[in-house]
Amino acid sequence: MSDIHDEKIKELEVKANEVRQTIIEMLTEAGSGHTAGPLGMADIFTAFYFHILNHDPKKPDWEERDRLILSNGHIVPVQYAAMAHAGYFPLEETKTLRKFGSRLQGHPEREKLPGLENTSGPLGSGLSQSAGIAYGARMDGKKFRIYCLLSDGEHDAGNLWEGAMFAGKNKLSNLTAIIDRNNIQINGMTEDVMPLEPLREKYEAFNWHVIDIDGHNIEEIVNAVEQAKAIFEKPTLIIAHTIPGKGIKDIEFDYTWHGKPPKPEEAKKFLKELRTLGGKIESEHE
Amino acid sequence: MINKNAKLVPNVFEKNKIEQNPTRDGFGRGLVEAGEKDEKVVALCADLSESTRMQWFEEKFPERYIEIGVAEQNLATVASGLANYGKIPFIASYAVFSPGRNNEQIRTTISLNNVPVKIVGSHAGVSVGSDGATHQALEDIALMRVQPNMVVLVPADVEEARKATIACAKLDAPVYLRLARAKSPMFTTSDTPFEIGKAEVLFESEKPEVAIIVCGNLVHNALLAANELEKEGTSVTVINSHTIKPMDTKTILKEAKKAGAVVTIEEHQIAGGMGSAVAEVLVQESPMPIEFIGVHNEFGQSGDPNELIEHYGMGVESIKKAVKKVIKRK
Chain A
0 MSDIHDEKIK ELEVKANEVR QTIIEMLTEA GSGHTAGPLG MADIFTAFYF
50 HILNHDPKKP DWEERDRLIL SNGHIVPVQY AAMAHAGYFP LEETKTLRKF
100 GSRLQGHPER EKLPGLENTS GPLGSGLSQS AGIAYGARMD GKKFRIYCLL
150 SDGEHDAGNL WEGAMFAGKN KLSNLTAIID RNNIQINGMT EDVMPLEPLR
200 EKYEAFNWHV IDIDGHNIEE IVNAVEQAKA IFEKPTLIIA HTIPGKGIKD
250 IEFDYTWHGK PPKPEEAKKF LKELRTLGGK IESEHE
Chain B
0 MINKNAKLVP NVFEKNKIEQ NPTRDGFGRG LVEAGEKDEK VVALCADLSE
50 STRMQWFEEK FPERYIEIGV AEQNLATVAS GLANYGKIPF IASYAVFSPG
100 RNNEQIRTTI SLNNVPVKIV GSHAGVSVGS DGATHQALED IALMRVQPNM
150 VVLVPADVEE ARKATIACAK LDAPVYLRLA RAKSPMFTTS DTPFEIGKAE
200 VLFESEKPEV AIIVCGNLVH NALLAANELE KEGTSVTVIN SHTIKPMDTK
250 TILKEAKKAG AVVTIEEHQI AGGMGSAVAE VLVQESPMPI EFIGVHNEFG
300 QSGDPNELIE HYGMGVESIK KAVKKVIKRK
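For the record, the sequence lines run as chains A and B. Position 251, counted from 1, in the first sequence is what numbering that gives the first Met the number 0 calls 250; the numbers after and before it change by one each time, with no gaps. Position 142, counted from 1, in the second sequence is what numbering that gives the first Met the number 0 calls 141; the numbers after and before it change by one each time, with no gaps.
Note that these hints are calculated values from the structure, not bench results. We put the CB at the ideal spot given by N, CA and C, even for glycine. Be a bit skeptical, because a hint or two may be false.
Stated by the list, open to error - Derived CB-CB ranges, DEER-like:
no., chain 1, residue 1, chain 2, residue 2, range
1, A, Pro-113, B, Gly-312, 33 to 43 Å
2, A, Glu-265, B, His-295, 51 to 61 Å
3, A, Glu-225, B, Glu-66, 25 to 35 Å
Unchecked claim - Beyond 12 Å from chain B on every Cβ pair, some chain A residues (computed):
no., residue
4, Ile-3
5, Lys-9
6, Gln-20
7, Arg-66
8, Lys-94
9, His-106
10, Lys-141
11, Cys-147
12, Met-164
13, Arg-199
14, Lys-233
15, His-240
16, Lys-248
17, Glu-265
Make a model of the complete structure from these sequences and hints.
Encoded structure:
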């Protein structure tokens, strides 16, 4: 049985497409930044900001809100885009990404923008920060949930496994981590740079409950998060298999798109591709 | 002469008669007191709770003690999360590991993130003794004072360490608290003033020739040197600069200008430490001769704490020599 009905799924898929368009627009305007990761995580961020999170964009400091911690801060354009669409700040402000004086720093800073839960960018530290919040919240009997979004490449870092051990030891069942398993990192394929597999078995050995999903299937994303809420003895890891650059054929699976933005002429083509759903429909913007 | 307002112990110059305790003991006691006063205080340790004295908190408040294991990067980042949520986390390890090994985690997730984690670096300085250079942190003040938002405290004795611990629990900012392993004279009292950001004049002269600015365990050596110098006809002041950041520039400038020359003393590398911080103030406001006492671009080694303090030129005789040298440079 599914935790989400078909109409809602369709609505979220449309929203994810809008989020992708915003990502392309803001990165093109910024002239620097990461493209593949944010596009690949658009479905997951959309599912969180428009369905999963118990939050109020008008009250970002609400104490009982769910916490979404982004560990791999370089994909923050997808978070900014989702937050803007959700109403945390005006959509127009996404154009200030990476510019002087902007609240939308190249990597997220908690104190700059209400609604950001942490400061990140240097990899490998987000899981421990999430575990700290989860531990503190459990001490006080808080009911909110902590979601930590991780990259696969950052699993090269020791700090990350220290956090995984800590969360497993302490049975932090209010913590759910989601890995963007897109198999790429800056220097190439993750399994060439520093093999991570068997990832599931590693986490299971650290006392985590592990769920594998298609990271572009909204229904699977929502159902996995719901399943995690029912696991009381362990933290849950969702390995979300994603396609880097998802939604734009020229970018998909190409690791060279990890750390560069589209050029303006490319952006025009990419936006058309998104608006026409890959040529399936006509764009009203033409 | 001793500044009466400092309320030091009466027999302050009788080194062998004063009670000797390590500053880490003061932290241990202060943390229990801070925990009694505020239930938001939690303690995290990286497998060194006995030697950092965090054990005393653990025994009193087991539900608020979190064991991290030998993982200092995790120590800093889990604490960042706890502080982010609303707790007041103290994290304890040896200074070489924290803030040594986990420096970037402290920078990003504590200082830049601006959450009130209290980083307690014990076993700082060569007075760690027999463990040798690997365990003698001599660069931790430099590492911490260059980070925006971070407050840096180096208490002078066990009682001041207790007060500093309680004070930093109340401060809504990240703090680095530097402690020593070795015993040192407990020369301050519960009545000795302590306020974060306020340097204290402990030894004063009507017409001082040199202002000695000192922090940590070496404050007592500075007082002994000042007393001997006074008897020998050289007038100095001794300023306890327990807060290295934010530095009490008002007091430092006032006392330095009065004397016209400065000697700084710290159990730390000369590069980037408390002396450097003092020099940064003086060169901009009132340039004058300064002599730096500390470790000069070398690592420590195994030995007895006092033996090492003498070897690296931080003993009473070395202080007197530096005072005489700086007077000649005036």
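task = Confirm or reject the statement that Arg-66 of chain A sits farther than 12 Å, beta carbon to beta carbon, from all of chain B.
result = About 8 Å separates Arg-66 of chain A from the closest Cβ of chain B, which leaves it inside 12 Å; violated.
message = At 12 Å, judged by beta carbons, does Ile-3 of chain A keep clear of chain B as stated?
response = At about 29 Å from chain B, Ile-3 of chain A clears the 12 Å cut-off, so the statement holds.
request  = Starting from the range 25 to 35 Å, see whether the pair Glu-225 of chain A and Glu-66 of chain B falls in it by beta-carbon distance.
outcome  = 32 Å, holds
key: Distance restraint evaluation - Pro-113 of chain A, Gly-312 of chain B, Cβ atoms, bounds 33 to 43 Å   = 52 Å, violated
Lys-233 of chain A remote from chain B - nearest C-beta pair above 12 Å = 18 Å, holds
ask   = For Lys-9 of chain A, is the shortest beta carbon distance to chain B beyond 12 Å?
value = 36 Å, holds
ask   = Would you say Lys-94 of chain A is clear of chain B, with no C-beta pair closer than or equal to 12 Å?
value = 25 Å, holds
key: Exclusion check [Cys-147 of chain A not at the chain B interface, CB over 12 Å]   = Check fails; 10 Å does not lie beyond 12 Å.
key: Cβ separation check - Arg-199 of chain A to all of chain B, threshold 12 Å   = 22 Å, holds
request  = Just double-check Glu-265 of chain A for me: nearest Cβ-Cβ distance to chain B has to come out over 12 Å.
outcome  = Nearest chain B Cβ is 32 Å from Glu-265 of chain A, so the label holds.
ask   = Are all C-beta atoms of chain B more than 12 Å from that of His-240 of chain A?
value = 27 Å, holds
ask   = Against chain B, does His-106 of chain A keep a CB gap of more than 12 Å to every residue?
value = Not fine: 9 Å to the nearest Cβ puts His-106 of chain A too close to chain B.
When the structure is compared with the earlier hints, violations turn up for hints 1, 7, 9, 10, 11 and 12 and for no others.
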